[in-house]
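> Just need the whole structure built from these sequences, with the hints factored in.
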Amino acid sequence: MQALLKIDTRLIYLLTFVVVAVAVLATLGLPVRVTPPTKALYDFVEKLPAGTLVWVGMDYGPGSKSELDPQVVAFFHHVFKKDLKVVIHSMWTMGGKIGQELVEPIAAQYGKEYGRDWVNLGYKPGNETNLRLCTSSIKECAANVDHLGSSLDHLPLMQQARALDKNTFGLAITFNTGTPGIREYLAIVQAEKQLALADGTLQMSVPEDIPFFQSGQLVGMFPGVRGAAEYEVLVGVKGAAVKAADGQSLAALYVAILVILGNIGYLTARRAATAQ
Amino acid sequence: MKKELPMVLATIAALSVLLSQYFFAINQLGWLDSLDKVYNMMAALAIGLGLVNLTVVHSGYIRRKREHWWASVVLLVCLWGYTVLSLVLGNDHAFVDWFYQHLIVPADSTLYGMVSFFITVAAYRVFRVRTLEATILLASAVFVLLGTAPIGDVIVPGWSTARQWILDVPNTGGMRGIIIGTYLGAWATALRVMLGLERAHLGGAG
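If you read the protein sequences in the order shown, they are chains V and G.
Per my numbering, residue 1 is the first one in the first sequence, and the count goes up by one each step.
Per my numbering, residue 277 is the first one in the second sequence, and the count goes up by one each step.
Derived from the structure by calculation, the hints contain no laboratory data.
Virtual Cβ for every residue (Gly too), placed ideally from N, Cα, C.
Possibly wrong hints are sitting among the right ones.
[To be verified] Part of the chain G face toward chain V, derived, beta carbon under 10 Å:
# : residue
1 : Asp312
2 : Ile455
3 : Gly457
[Unchecked claim] The calculated BS3-like cross-link candidates involving lysine-lysine, where the alpha carbons are at most 30 Å apart (straight line), are:
# : chain 1 : residue 1 : chain 2 : residue 2
4 : V       : Lys39     : V       : Lys112
5 : V       : Lys112    : V       : Lys166
6 : G       : Lys313    : G       : Lys341
7 : V       : Lys112    : V       : Lys238
8 : G       : Lys313    : V       : Lys166
9 : G       : Lys278    : V       : Lys139
[Claimed, not checked] Pair ranges (Cβ atoms, derived):
#  : chain 1 : residue 1 : chain 2 : residue 2 : range
10 : G       : Ser310    : V       : Tyr13     : 52 to 60 Å
11 : G       : Ser335    : V       : Val22     : 41 to 49 Å
12 : V       : Val22     : G       : Val432    : 21 to 29 Å
13 : V       : Leu267    : G       : Leu361    : 52 to 60 Å
14 : G       : Glu343    : V       : Gly29     : 45 to 53 Å
15 : V       : Val22     : G       : Phe375    : 39 to 47 Å
16 : V       : Tyr13     : G       : Phe419    : 19 to 27 Å
17 : V       : Val34     : G       : Thr331    : 33 to 41 Å
18 : G       : Leu361    : V       : Pro105    : 19 to 27 Å
19 : G       : Arg452    : V       : Ser137    : 31 to 39 Å
So this is what it looks like as structure tokens:
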């Protein structure tokens, strides 16, 4: 039994790979139960009238694509289904590009036109001060150009989207992994401008962010890839998240088994040492 | 003067932001917007400064043939290659996009993906029922872990509800304490910078 204390690290790595690969290659289709933060976000979006402007912060880099991309995709399916208008902004260098490549195919699927139904401002340097500048003038915070370098004056949607405030937008959401991210949005967009705010975050950030949902500062949340899977179920879209949640299930079970085995080995060794 | 001027500027800027945030009449003067515009401009300029700084530092490494100097060559080639390509061809050009799709995305995703391997081994080696506190930590960690994944509800129906309670009640209580403490600390540091007591940001003058 004490051998359980000395499982080879290389074997653990190999099994981690096998477990996740199996989940990705073979769909388990485990049922996904919707949790309150995701349901609250879905209900909020559901109540927004058609034509309402939604601000989307793409505040992450390629490293978090596996967990946050499915959230963005599920959210945009809902937003375009509901005929809402979207302005995308990024405080992260690669965020604008990630947003463009994710949203373009979904917009095409729903017949949404760039400039009229959605606009991608792209990456704008300046972190929270840029965000604050957007609350007084989007044209100024974006230096009057979008992600592709086109003038905002030529995009009809931007005549309507003048400033990031509650009179112009119905909801702001940031898909984020750290700083700048949700904290900047909470301070500027929610607290200062009183605009309804939602959060799409990594699973490991959920314990940090959930107090803001509890306090009512967030109208809803995507709690990690599971949140994305829940949203896919609610919107009725088959995406990558449900499959990723299968991977998460097997990986979680594998880690739990490893912890149990390690502790069996530890207790056996301790008992043997006491007996001696 | 080299230290005093930045200190005075920092104090004026900090006071302008503070007063604008707390007093409506001052807010209406538009100082905050003006400062934000200045900061945005500086942030854009800082990217250029970063480019120059990285180039100077890594050129030095290459000249002195420091250990792993070849990594500095790779860095400079990527840095300037991608910058020039983006400036000449445009951000959306297929060639620029190829570099992004086939180099940046896989490299960044790989680094993030590797964390799962380390976490798995760390969980196996560290989580031990050594003491009562460690046992409580272990039990709640495994409980939340399995409750987070859909498999929790398959093993025991309602598992995710119990996991949500742990997040909503004990976790939220603890996190609120940490968050309030963090912001009090940040507030104290900001006050020290504003009063000129904190000078490390002026070049380690102390």
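> Work down the list of hints and note, for each, if the structure agrees.
Taking the hints in turn, this is what the structure says about them:
Hint on Asp312 of chain G holds. Least Cβ distance to chain V is approximately 4 Å, under the 10 Å limit. Given hint, Ile455 of chain G at the interface with chain V, holds; its Cβ is 7 Å from that chain's nearest Cβ, closer than 10 Å. Interface restraint check for Gly457 of chain G: the shortest CB-CB distance to chain V comes to about 13 Å, outside 10 Å, so the restraint is violated. For the hint pairing Lys39 of chain V with Lys112 of chain V, the CA-to-CA distance comes to about 26 Å; that is within 30 Å, so the pair holds.
A distance of roughly 24 Å separates the Cα atoms of Lys112 of chain V and Lys166 of chain V; the hinted pair therefore holds under the 30 Å criterion. About 42 Å separates the Cα atoms of Lys313 of chain G and Lys341 of chain G, which puts this hinted pair outside 30 Å; it is violated. Between Lys112 of chain V and Lys238 of chain V, the direct Cα distance comes to roughly 20 Å. Compliance with the 30 Å bound is thereby established for this hinted pair. With a C-alpha separation of about 22 Å, the suggested pairing of Lys313 of chain G with Lys166 of chain V holds against the 30 Å cut-off.
A distance of roughly 36 Å separates the Cα atoms of Lys278 of chain G and Lys139 of chain V; the hinted pair therefore is violated under the 30 Å criterion. Taking 52 to 60 Å as the suggested C-beta distance range, the pair Ser310 of chain G and Tyr13 of chain V conforms, at roughly 54 Å. A hinted range of 41 to 49 Å for the beta carbons of Ser335 of chain G and Val22 of chain V is consistent with their spacing of about 48 Å. Checked against the given bound of 21 to 29 Å, the beta carbons of Val22 of chain V and Val432 of chain G, roughly 23 Å apart, stay inside it.
Range check, Leu267 of chain V to Leu361 of chain G: about 59 Å between beta-carbon atoms, so the 52 to 60 Å window is met. Our hint of 45 to 53 Å for Glu343 of chain G and Gly29 of chain V holds, since their Cβ atoms are close to 51 Å apart. Between Val22 of chain V and Phe375 of chain G, the C-beta spacing of about 32 Å breaks the proposed range 39 to 47 Å. Checking the proposed 19 to 27 Å range against Tyr13 of chain V and Phe419 of chain G shows it holds: the Cβ atoms sit about 25 Å from each other.
In this structure, Val34 of chain V and Thr331 of chain G break the distance hint of 33 to 41 Å, their C-beta atoms being roughly 51 Å apart. Look at Leu361 of chain G against Pro105 of chain V: about 25 Å separates their beta carbons, and that is inside 19 to 27 Å. Between Arg452 of chain G and Ser137 of chain V the CB atoms are about 35 Å apart, so this pair conforms to the stated range of 31 to 39 Å.
Going through the hint list in order, the structure does not satisfy hints 3, 6, 9, 15, 17.
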